[in-house]
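Trainee: In case you want the letters, here they are:
There are 2 protein chains.
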Amino acid sequence: MNAEIISIGDELLIGQVINSNQAVIAEKLASVGIRVARMSTVGDSVPEILTTLAEAWKRAQVLIITGGLGPTHDDLTREAVCQFFQSDLVLNPEALEHIRTLFASRGLPVTKNNEDQAYVPRGCSVIQNLHGTAPGYFFQRDDRSMAVLPGVPYEMKEMMETFVIPHFSRKGTGMVIRSKTLRTTGIAESLLAQQIGDISVLFEKDSGVTLAFLPSPTGVRLRISAGAPSLREAERRIAYVEQKIRQKVQKYIYGENNEELEEVVGRILASRQMTIAVAESCTGGILTDRITNISGSSRYFERGFIVYSNESKSTELGVPAEVIVAHGAVSKEVCEAMARGAREKAHTDIGISTTGIAGPTGGTEEKPVGLVWIGYSDKGKTLALRFNFGNDRRRFKERASQAALELVRRMLLKIDS
Amino acid sequence: MNAEIISIGDELLIGQVINSNQAVIAEKLASVGIRVARMSTVGDSVPEILTTLAEAWKRAQVLIITGGLGPTHDDLTREAVCQFFQSDLVLNPEALEHIRTLFASRGLPVTKNNEDQAYVPRGCSVIQNLHGTAPGYFFQRDDRSMAVLPGVPYEMKEMMETFVIPHFSRKGTGMVIRSKTLRTTGIAESLLAQQIGDISVLFEKDSGVTLAFLPSPTGVRLRISAGAPSLREAERRIAYVEQKIRQKVQKYIYGENNEELEEVVGRILASRQMTIAVAESCTGGILTDRITNISGSSRYFERGFIVYSNESKSTELGVPAEVIVAHGAVSKEVCEAMARGAREKAHTDIGISTTGIAGPTGGTEEKPVGLVWIGYSDKGKTLALRFNFGNDRRRFKERASQAALELVRRMLLKIDS
Numbered sequence: 032m033n034a035e036i037i038s039i040g041d042e043l044l045i046g047q048v049i050n051s052n053q054a055v056i057a058e059k060l061a062s063v064g065i066r067v068a069r070m071s072t073v074g075d076s077v078p079e080i081l082t083t084l085a086e087a088w089k090r091a092q093v094l095i096i097t098g099g100l101g102p103t104h105d106d107l108t109r110e111a112v113c114q115f116f117q118s119d120l121v122l123n124p125e126a127l128e129h130i131r132t133l134f135a136s137r138g139l140p141v142t143k144n145n146e147d148q149a150y151v152p153r154g155c156s157v158i159q160n161l162h163g164t165a166p167g168y169f170f171q172r173d174d175r176s177m178a179v180l181p182g183v184p185y186e187m188k189e190m191m192e193t194f195v196i197p198h199f200s201r202k203g204t205g206m207v208i209r210s211k212t213l214r215t216t217g218i219a220e221s222l223l224a225q226q227i228g229d230i231s232v233l234f235e236k237d238s239g240v241t242l243a244f245l246p247s248p249t250g251v252r253l254r255i256s257a258g259a260p261s262l263r264e265a266e267r268r269i270a271y272v273e274q275k276i277r278q279k280v281q282k283y284i285y286g287e288n289n290e291e292l293e294e295v296v297g298r299i300l301a302s303r304q305m306t307i308a309v310a311e312s313c314t315g316g317i318l319t320d321r322i323t324n325i326s327g328s329s330r331y332f333e334r335g336f337i338v339y340s341n342e343s344k345s346t347e348l349g350v351p352a353e354v355i356v357a358h359g360a361v362s363k364e365v366c367e368a369m370a371r372g373a374r375e376k377a378h379t380d381i382g383i384s385t386t387g388i389a390g391p392t393g394g395t396e397e398k399p400v401g402l403v404w405i406g407y408s409d410k411g412k413t414l415a416l417r418f419n420f421g422n423d424r425r426r427f428k429e430r431a432s433q434a435a436l437e438l439v440r441r442m443l444l445k446i447d448s
Numbered sequence: 032m033n034a035e036i037i038s039i040g041d042e043l044l045i046g047q048v049i050n051s052n053q054a055v056i057a058e059k060l061a062s063v064g065i066r067v068a069r070m071s072t073v074g075d076s077v078p079e080i081l082t083t084l085a086e087a088w089k090r091a092q093v094l095i096i097t098g099g100l101g102p103t104h105d106d107l108t109r110e111a112v113c114q115f116f117q118s119d120l121v122l123n124p125e126a127l128e129h130i131r132t133l134f135a136s137r138g139l140p141v142t143k144n145n146e147d148q149a150y151v152p153r154g155c156s157v158i159q160n161l162h163g164t165a166p167g168y169f170f171q172r173d174d175r176s177m178a179v180l181p182g183v184p185y186e187m188k189e190m191m192e193t194f195v196i197p198h199f200s201r202k203g204t205g206m207v208i209r210s211k212t213l214r215t216t217g218i219a220e221s222l223l224a225q226q227i228g229d230i231s232v233l234f235e236k237d238s239g240v241t242l243a244f245l246p247s248p249t250g251v252r253l254r255i256s257a258g259a260p261s262l263r264e265a266e267r268r269i270a271y272v273e274q275k276i277r278q279k280v281q282k283y284i285y286g287e288n289n290e291e292l293e294e295v296v297g298r299i300l301a302s303r304q305m306t307i308a309v310a311e312s313c314t315g316g317i318l319t320d321r322i323t324n325i326s327g328s329s330r331y332f333e334r335g336f337i338v339y340s341n342e343s344k345s346t347e348l349g350v351p352a353e354v355i356v357a358h359g360a361v362s363k364e365v366c367e368a369m370a371r372g373a374r375e376k377a378h379t380d381i382g383i384s385t386t387g388i389a390g391p392t393g394g395t396e397e398k399p400v401g402l403v404w405i406g407y408s409d410k411g412k413t414l415a416l417r418f419n420f421g422n423d424r425r426r427f428k429e430r431a432s433q434a435a436l437e438l439v440r441r442m443l444l445k446i447d448s
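Chains as they are written, first to last, in our numbering: chain X, 32 to 448; chain Z, 32 to 448.
Hint data in this document are derived by calculation from the structure and do not stem from the laboratory.
Please note: incorrect hints may appear among the correct ones.
To be verified - Derived Cβ-Cβ restraints for the label pairs, each shown as a range: (1) Z:K89 - X:Q92: 34 to 42 Å; (2) X:I446 - Z:T346: 54 to 62 Å; (3) X:A219 - Z:T142: 43 to 51 Å; (4) X:L120 - Z:L120: 50 to 58 Å; (5) Z:L120 - X:K445: 37 to 45 Å; (6) Z:T142 - X:Q225: 28 to 36 Å; (7) X:K89 - Z:S51: 28 to 36 Å.
Unchecked claim - To give an idea of the interface, some chain Z residues facing chain X are shown, with a C-beta separation under 8 Å as derived from the structure: (8) V48; (9) S326; (10) A357; (11) H358; (12) G401; (13) D423; (14) R425.
Stated by the list, open to error - Okay, derived cross-link-like pairs now, SDA-like style, lysine to any residue, Cα gap no bigger than 20 Å in a straight line: (15) Z:K376 - X:P351; (16) X:K143 - Z:S231; (17) X:K398 - Z:S326; (18) X:K376 - Z:A352; (19) X:K143 - Z:K376; (20) X:K89 - Z:G349; (21) Z:K398 - X:K143; (22) X:K376 - Z:E79; (23) Z:K363 - X:R137; (24) X:K376 - Z:S340.
No residue lacks a Cβ here, since even glycine has one placed at the ideal position from N, Cα and C.
For reference, chain X alone in the conformation it holds in the complex (with noise of 0.2 Å):
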């Protein structure tokens, strides 16, 4: 079943904004055996989008149009999709329910504009769009479907998962694609592969499966694919690779698919009752914000301490004027003192802190930028790790972020570092 992706927006034209989309939608469609032969982007124009919708519908089996369904003079995507139907508006009550209540909820007036949303092409099934005004369409004509979804990328992110996925599942297409992602870090790239070596010999013979290196800031990840006639077997012929790489390179895996570290370090310290308190310098409130990003953290994260200047990393964590005299902020010794501070000023059973230099100036010659220490406190004992993360702020912050999550995960499950 072959599907073709069409991107609407000016924005997308001129280069604003990267498409980030196009990669979300093929990658959900392969999911569920559905190849993608084409992708297109045009502008907002009415004339523009008819001519590459009626191309697209000639060729393939499936369509998804995103973009151009917002409130204003600009969007236009509903227009010319009612034009190809040759079909005109209805109200959708639902749909004028959703945006009201969720104008209401953020106690908002609701404006003409938006109201006018509820207004769908005759003919087709509404998809509710839970985070946003714009409702989606779905046409099914013969043996073609359309579905027509806001461009907002989280949007339709959630109206892909729950509505256009489940209806191609339920329908089935014949052949099923499955991946399995495992996460690592603290590796390199090269590292990695040199460790889990040659990769033949990882695959049963013509079984269809592939492995591919996805690196990323914060580590690489072994994606695993397999199409297979049932799910059953495509599952069957991923777990027979995956055992293969576990027993090479277990020790940096730290989780699988869309798993992320804070949450498989929550995971562990909610099962343990044990509670975690931070201290971060140059990681600047990163590693909170990520710890903080899981639901229920409250259970085990007490607090933080944002300790930017010197002068709060004393009175704030306990950390002698001396020490940080004799051996500067960015040292072993501070960053010791800060996890074992805050450890104790919290009455937690873990602390953690970073110190460094994040750049992209300020740095010398004995402590370049991107040199950062990394701390873990328990009752039992007190360490610092030391790492250099480059001189790109933002990269800085993220890498200092997991590797103190990372120390934490291995300090807990006792793996060595």
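Got chain X sorted already, so can you dock chain Z onto it with the hints?
Mentor: Coordinates of chain Z only, in the frame set by chain X:
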């Protein structure tokens, strides 16, 4: 002058890679007055490349093609281009020399696959690839041009910058396109549109200026674009519209183009030599994370308290336990006490605070998920404002941190909220 971009690669069609090349190319073409009318993505297949290429060649004067020029069996773009122009391959000695030098400099032997890349379609100009082994091709046929470039982003970008864009710039397209973005926050898209009113009266007649509304969870961006015979004229036309927009919605505009709110607030604080401390409950660190994303923020950011537990609100910030018991942790009273406590404890000019229910669970009828108080305190006054930011935990944190930064901006600039 109209252009089309064609991206080639199976990895794009399965969603493994987000296509950032299109936006890079489009932005560069716009800078020399070339408008991209359509972008297409197809797989590594000669027939599919040929079809897409032939269609685009009929519609556009400029074609930019990327991807599928690598040394392996699944790189088929060169073959498709040869078939399209009915051309064979000829050796390009400079390309061969470059490939050999590149391998020598890395201390690696040249493979036959790589040497083969020096064979290029007869009748093209060769675009040298400084960073890789695949040369690009440039075809000029009557009034039409086609550039074929590798898909590796930094190789492609360098070749666009050193060859393709200078070519069109020299040639002159008679037209320059510029755009400027005004960033707003604290007002819904529909309300913003209402306050701006009839947009046609913003523009001079036939000035070729467009206005786009680009919503995101943290605010709506207004993009003004103008095409004109000269850069100066394009900028004048944009300035005309900008001034009209500012007359209507100035108070919501915090920045321009890629400026983030934390940058704007940081600049005001630094210029006034003022300092700030932060107390976060529900936002869990994202607010300090954003503030410290700015290089040089240590000049004004003193410290932050991530006070997740009730006890920490009292011990760290001096919020009286009775106030928490009487009003609950999510209340105006606690929020104000947090902002004041942070300011006094850190001896800063300003304190800001957040307390709310990030969800997705934990709400009650009186205090629903999404409810948040944002507090501000300086020597003269202390206050807190109430918002609701919905039940998506991450969105909630982003929006609440934006509202906190915006409150600081408005207080510092004495703008009514």
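Trainee: Does S326 of chain Z sit within 20 Å of K398 of chain X, going by the straight-line distance between their CA atoms?
Mentor: holds (17 Å)
Trainee: Regarding the pair K143 of chain X and K376 of chain Z, is the alpha-carbon distance no greater than 20 Å?
Mentor: At roughly 48 Å apart (the allowed maximum being 20 Å), K376 of chain Z and K143 of chain X break the hint.
Trainee: Going by Cβ atoms only, is R425 of chain Z closer than 8 Å to chain X?
Mentor: Nearest chain X Cβ about 6 Å off; hint holds.
Trainee: Hint check: K376 of chain Z vs P351 of chain X, CA-CA at most 20 Å. Holds or violated?
Mentor: holds (18 Å)
Trainee: If I claimed the Cβ atoms of K89 of chain X and S51 of chain Z lie 28 to 36 Å apart, would that claim hold in this structure?
Mentor: holds (30 Å)
Trainee: L120 of chain Z and K445 of chain X, beta-carbon distance inside 37 to 45 Å?
Mentor: violated (60 Å)
Trainee: Please work out if K376 of chain X and E79 of chain Z have their alpha carbons no farther apart than 20 Å.
Mentor: violated (65 Å)
Trainee: When you take the CB atoms of A219 of chain X and T142 of chain Z, is the distance between them in 43 to 51 Å?
Mentor: For T142 of chain Z against A219 of chain X, whose Cβ atoms are near 24 Å apart, the range 43 to 51 Å is violated.
Trainee: Tell me if the beta carbons of T142 of chain Z and Q225 of chain X are separated by a distance inside 28 to 36 Å.
Mentor: violated (20 Å)
Trainee: Hint check: is the beta carbon of H358 of chain Z less than 8 Å from a beta carbon of chain X?
Mentor: Nearest chain X Cβ about 19 Å off; hint violated.
Trainee: So does I446 of chain X sit 54 to 62 Å from T346 of chain Z, Cβ to Cβ?
Mentor: This hint is violated: roughly 34 Å between Cβ atoms.
Trainee: Measuring from beta carbon to beta carbon, are L120 of chain X and L120 of chain Z in 50 to 58 Å?
Mentor: holds (55 Å)
The structure is inconsistent with the numbered hints 1, 2, 3, 5, 6, 10, 11, 19, 20, 21, 22, although it conforms to all the rest.
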